[in-house]
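Protein chains: 2
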Amino acid sequence: MSARRAAWAYLSQVAQGPCAPLVELVEAVGPEEAARAVRGAALPEALSTRTQARRHIDSADRDLDMIGRLGGRLLTPDDEDWPAWRLLAFDGLDSRRERESAPPLALWVLGERPLTELTERAVAVVGTRAASGYGEHVTGQFVDDLAGRGWTVVSGGAYGIDGAAHRAALAAGGATVAVLACGVDRAYPAGHARLLREIAGEGAVVSEYAPGTTPARHRFLARNRLVAALADAVLVVEAGARSGARNTATWASRLGRPVLAVPGPVTSASSVGCHRMIREGEALLASRSADVVEVAGPVGVGGEDGGPVRPLDGLSAKAALVYEALPASGSVGLPELAESSGVPVESVRGALPVLELAGLVGSDGTGWFRRG
Amino acid sequence: MSARRAAWAYLSQVAQGPCAPLVELVEAVGPEEAARAVRGAALPEALSTRTQARRHIDSADRDLDMIGRLGGRLLTPDDEDWPAWRLLAFDGLDSRRERESAPPLALWVLGERPLTELTERAVAVVGTRAASGYGEHVTGQFVDDLAGRGWTVVSGGAYGIDGAAHRAALAAGGATVAVLACGVDRAYPAGHARLLREIAGEGAVVSEYAPGTTPARHRFLARNRLVAALADAVLVVEAGARSGARNTATWASRLGRPVLAVPGPVTSASSVGCHRMIREGEALLASRSADVVEVAGPVGVGGEDGGPVRPLDGLSAKAALVYEALPASGSVGLPELAESSGVPVESVRGALPVLELAGLVGSDGTGWFRRG
Numbered sequence: 001m002s003a004r005r006a007a008w009a010y011l012s013q014v015a016q017g018p019c020a021p022l023v024e025l026v027e028a029v030g031p032e033e034a035a036r037a038v039r040g041a042a043l044p045e046a047l048s049t050r051t052q053a054r055r056h057i058d059s060a061d062r063d064l065d066m067i068g069r070l071g072g073r074l075l076t077p078d079d080e081d082w083p084a085w086r087l088l089a090f091d092g093l094d095s096r097r098e099r100e101s102a103p104p105l106a107l108w109v110l111g112e113r114p115l116t117e118l119t120e121r122a123v124a125v126v127g128t129r130a131a132s133g134y135g136e137h138v139t140g141q142f143v144d145d146l147a148g149r150g151w152t153v154v155s156g157g158a159y160g161i162d163g164a165a166h167r168a169a170l171a172a173g174g175a176t177v178a179v180l181a182c183g184v185d186r187a188y189p190a191g192h193a194r195l196l197r198e199i200a201g202e203g204a205v206v207s208e209y210a211p212g213t214t215p216a217r218h219r220f221l222a223r224n225r226l227v228a229a230l231a232d233a234v235l236v237v238e239a240g241a242r243s244g245a246r247n248t249a250t251w252a253s254r255l256g257r258p259v260l261a262v263p264g265p266v267t268s269a270s271s272v273g274c275h276r277m278i279r280e281g282e283a284l285l286a287s288r289s290a291d292v293v294e295v296a297g298p299v300g301v302g303g304e305d306g307g308p309v310r311p312l313d314g315l316s317a318k319a320a321l322v323y324e325a326l327p328a329s330g331s332v333g334l335p336e337l338a339e340s341s342g343v344p345v346e347s348v349r350g351a352l353p354v355l356e357l358a359g360l361v362g363s364d365g366t367g368w369f370r371r372g
Numbered sequence: 001m002s003a004r005r006a007a008w009a010y011l012s013q014v015a016q017g018p019c020a021p022l023v024e025l026v027e028a029v030g031p032e033e034a035a036r037a038v039r040g041a042a043l044p045e046a047l048s049t050r051t052q053a054r055r056h057i058d059s060a061d062r063d064l065d066m067i068g069r070l071g072g073r074l075l076t077p078d079d080e081d082w083p084a085w086r087l088l089a090f091d092g093l094d095s096r097r098e099r100e101s102a103p104p105l106a107l108w109v110l111g112e113r114p115l116t117e118l119t120e121r122a123v124a125v126v127g128t129r130a131a132s133g134y135g136e137h138v139t140g141q142f143v144d145d146l147a148g149r150g151w152t153v154v155s156g157g158a159y160g161i162d163g164a165a166h167r168a169a170l171a172a173g174g175a176t177v178a179v180l181a182c183g184v185d186r187a188y189p190a191g192h193a194r195l196l197r198e199i200a201g202e203g204a205v206v207s208e209y210a211p212g213t214t215p216a217r218h219r220f221l222a223r224n225r226l227v228a229a230l231a232d233a234v235l236v237v238e239a240g241a242r243s244g245a246r247n248t249a250t251w252a253s254r255l256g257r258p259v260l261a262v263p264g265p266v267t268s269a270s271s272v273g274c275h276r277m278i279r280e281g282e283a284l285l286a287s288r289s290a291d292v293v294e295v296a297g298p299v300g301v302g303g304e305d306g307g308p309v310r311p312l313d314g315l316s317a318k319a320a321l322v323y324e325a326l327p328a329s330g331s332v333g334l335p336e337l338a339e340s341s342g343v344p345v346e347s348v349r350g351a352l353p354v355l356e357l358a359g360l361v362g363s364d365g366t367g368w369f370r371r372g
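These protein sequences, in sequence, are chains A and B.
The UniProt record's numbering puts the first residue of the first sequence at 1, with every later residue one more than the last.
The UniProt record's numbering puts the first residue of the second sequence at 1, with every later residue one more than the last.
No lab work stands behind these hints, which were simulated from the structure alone.
Since this is a predicted model, take the numbers as computed values, not measurements.
Accuracy of the hints is not assured; some may be wrong.
Coverage of chain B stretches by chain A, computed from C-beta distances (three or more under 8 Å per stretch; other residues unrestricted) [unchecked claim]:
1) 21 to 29
2) 129 to 136
3) 164 to 171
Computed, partial: chain B to chain A, Cβ under 10 Å [to be verified]:
4) Gln141
5) Phe142
6) Cys274
7) His275
8) Arg276
9) Ser287
10) Asp291
11) Arg349
12) Pro353
We put the CB at the ideal spot given by N, CA and C, even for glycine.
Please construct the entire structure, taking both the sequences and the accompanying hints into account.
Here you go:
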């Protein structure tokens with residue numbers, strides 16, 4: 001186990017959820033230096049306050065051992081399958097105003113397939129725990145179709161619509177990802193212990209919370225942002241008047257992901273939230289899977305029978321803007337690229353490695369150029 | 001029976017549905033002169049063509065006798081309860097392009113209450129003949145609420161949602177108006193003979209077709225425009241993929257009436273049309289009667305508990321524009337009023353008598369002035 005890996009694990013355990021200043025510190029000095037600074041409380045005040053209560057907890061070895069024994073791993077920005085381009089969507093948010101507006105520091109993952117691959121084409125299917133028979137049935141129909149078309153189904157692993165979505169994806173032989181609001185060593189809810197094992201077997205069970213973390217209300221809200229971030233669109237199948245699904249939908253909108261909601265009988269309390277979202281323009285009405293594919297699919301993939309896949313498919317809007325701003329020939333520097341793309345320079349800096357990894361850009365001594 | 005009344009009856013029987021040039025001719029020379037011209041074929045070609053086949057049918061006496069024996073009457077622009085302000089909405093449409101874009105020449109009515117009073121606050125509730133149990137149930141809920149709040153329910157008298165809407169209005173002790181695509185002497189559909197009698201008893205059964213006219217496909221489409229015109233909003237409860245309710249909704253949009261649709265299970269064929277209208281922005285989603293009242297009610301009447309009624313409530317948009325364009329003191333002529341209101345001079349000419357009737361304007365030797 002490398003010292004760097006242990007530093008990531010330590011920081012994840014201390015941060016316990018979204019913590020923008022810590023993400024920034026790690027970006028600036030690397031995880032080991034950041035871990036040293038947190039341990040020694042040699043920190044700016046904002047970060048000191050956020051880490052003070054937990055910086056003494058050094059369970060990195062135990063946590064990494066635990067995730068290893070579960071057959072899982074700690075996924076960090078060091079890793080090739082870190083879903084960097086999915087998390088670029090957080091760049092536009094102001095994490096000083098709201099804690100959850102930060103990308104995760106690292107992710108604890110059960111499941112062998114690379115997360116980037118799993119979430120390459122993904123739809124979040126979420127909804128109330130108090131699902132009706134109608135809601136479970138309709139979830140099955142949508143997911144069966146979507147899984148059959150190769151879409152991964154992301155959800156929260158909860159009872160009700162979430163569980164129905166995961167189960168239908170597994171039944172269709174599709175991939176599915178559960179994002180938890182507790183450590184992945186915890187089976188929550190307990191009744192889904194076996195389902196979560198099956199999800200890990202065919203897809204992934206993911207959490208930004210270190211092993212041992214118990215579920216808590218604010219963690220569900222933070223978790224919802226990752227459900228939205230890891231998908232191309234969010235489909236709410238059923239939501240009551242106060243369903244958490246609406247929170248996931250709000251995150252989706254903030255992260256630039258389309259939101260859809262399935263209507264149901266107006267006599268059903270489980271559809272009240274969906275109807276409200278549709279009426280108020282927060283969600284598009286989805287009555288069949290093609291409606292989802294139409295807005296979730298990259299340009300040219302919508303409709304019934306798919307279409308040619310373009311090189312920019314799957315890129316975040318910002319990365320696509322950066323790519324489009326590159327001249328047809330010659331190379332340009334970072335400041336020019338920020339100016340011509342209209343994307344902030346820090347985001348351009350974040351997008352370029354992603355584009356490079358995708359084989360779309362290259363760099364030389366003077367700047368960045370377009371490939372192919 | 002006056003000669004003028006007989007002329008109206010004759011013209012209605014000859015026109016057999018929307019006929020803009022005949023409406024214009026009557027406006028210009030009056031019904032008796034128009035009837036003489038039609039009989040003698042002393043007409044411009046457009047009108048000659050439209051009346052040639054039927055100008056020999058002079059059943060006016062018999063038709064007026066028939067409507068009298070049924071306890072009904074022929075309602076014309078001569079009458080005080082002619083719903084002039086409802087029909088002003090046709091002013092903006094181009095009746096040369098499309099026959100149905102004309103107001104009715106006259107209306108045959110069963111029922112004693114003045115039509116203007118009946119349609120003062122009215123919602124059209126329409127939908128598929130192939131209604132589901134859900135659709136009939138939901139129709140009952142909406143209509144019970146709307147009738148309880150004093151809204152008249154306008155519909156087409158058909159099986160399915162229409163019938164459920166009329167029945168629920170009657171059951172709630174509310175007023176209801178059925179607009180037929182055949183003569184009001186015909187009970188169509190036959191199974192609704194008794195229902196139509198009850199509607200006439202508490203509200204009105206209305207048609208622009210003279211007694212004896214049989215239903216035909218194009219008459220249903222023409223009828224739909226009157227359903228929309230006589231209401232403040234159109235609510236589609238259930239509509240299949242090819243439901244005629246969508247045609248009523250299209251008329252509503254063209255006439256400036258808001259359209260709402262009730263969602264239902266996505267597994268139900270009877271809700272496909274509603275979902276499509278909502279998804280494509282042709283209809284607002286309605287899950288309860290308050291949603292309807294919110295958009296149908298005049299300014300200040302929306303919401304749960306109503307509010308003060310303003311003098312302009314119930315006026316067409318054009319009439320309101322004309323009224324607003326009148327100076328606070330002094331009078332102005334027709335051309336100035338057209339210019340300052342932005343409303344075409346012919347429409348201003350149509351709106352002024354309505355405003356006068358409502359006690360909102362008066363005229364003197366030099367022009368029109370604002371009252372109160």
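- When the least beta-carbon distance from proline 353 of chain B to chain A is tested against 10 Å, hint result: The hint is violated - proline 353 of chain B has no Cβ within 10 Å of chain A, the shortest such distance being about 39 Å.
- How about serine 287 of chain B: closest beta carbon in chain A under 10 Å, or not? Result: holds, 4 Å to nearest chain A Cβ.
- Task: With chain A as the partner, please determine if arginine 349 of chain B meets the hint condition of a C-beta pair closer than 10 Å.
- Result: Arginine 349 of chain B check fails; min Cβ-Cβ to chain A is 40 Å, beyond 10 Å.
- Any CB of chain A closer than 10 Å to the CB of arginine 276 of chain B? This hint holds: arginine 276 of chain B lies near chain A, its Cβ roughly 8 Å from the closest one there, short of 10 Å.
- Are there three or more residues in the segment 129 to 136 of chain B whose C-beta lies closer than 8 Å to some C-beta of chain A? violated (count 1)
- Query: Holds or violated: is the Cβ of aspartate 291 of chain B closer than 10 Å to a Cβ in chain A?
  - Reply: holds (7 Å)
- Task: Count the residues of the segment 164 to 171 of chain B whose CB lies closer than 8 Å to any CB of chain A, then report whether that count reaches three.
- Result: Since three or more residues must qualify, the claim that chain A covers the segment 164 to 171 of chain B is violated, with 0 doing so at under 8 Å.
- Against chain A, is cysteine 274 of chain B within 10 Å by beta-carbon distance? OK, holds: cysteine 274 of chain B within 10 Å of chain A, min 8 Å.
- Interface restraint verdict for glutamine 141 of chain B against chain A (beta-carbon cut-off 10 Å): This interface hint holds because 8 Å falls under the 10 Å limit.
- Coverage criterion applied to the segment 21 to 29 of chain B (partner chain A; beta-carbon cut 8 Å; 3 residues): violated (count 0)
- Supplied contact hint for phenylalanine 142 of chain B, tested at 10 Å Cβ to chain A: holds (9 Å)
- May I ask you to test the interface hint for histidine 275 of chain B with respect to chain A, counting a Cβ-Cβ separation under 10 Å as satisfied? The hint holds - histidine 275 of chain B has a Cβ within 10 Å of chain A, the shortest such distance being about 4 Å.
Checked against the numbered hints given earlier, the structure breaks hints 1, 2, 3, 11, 12 and satisfies all the rest.
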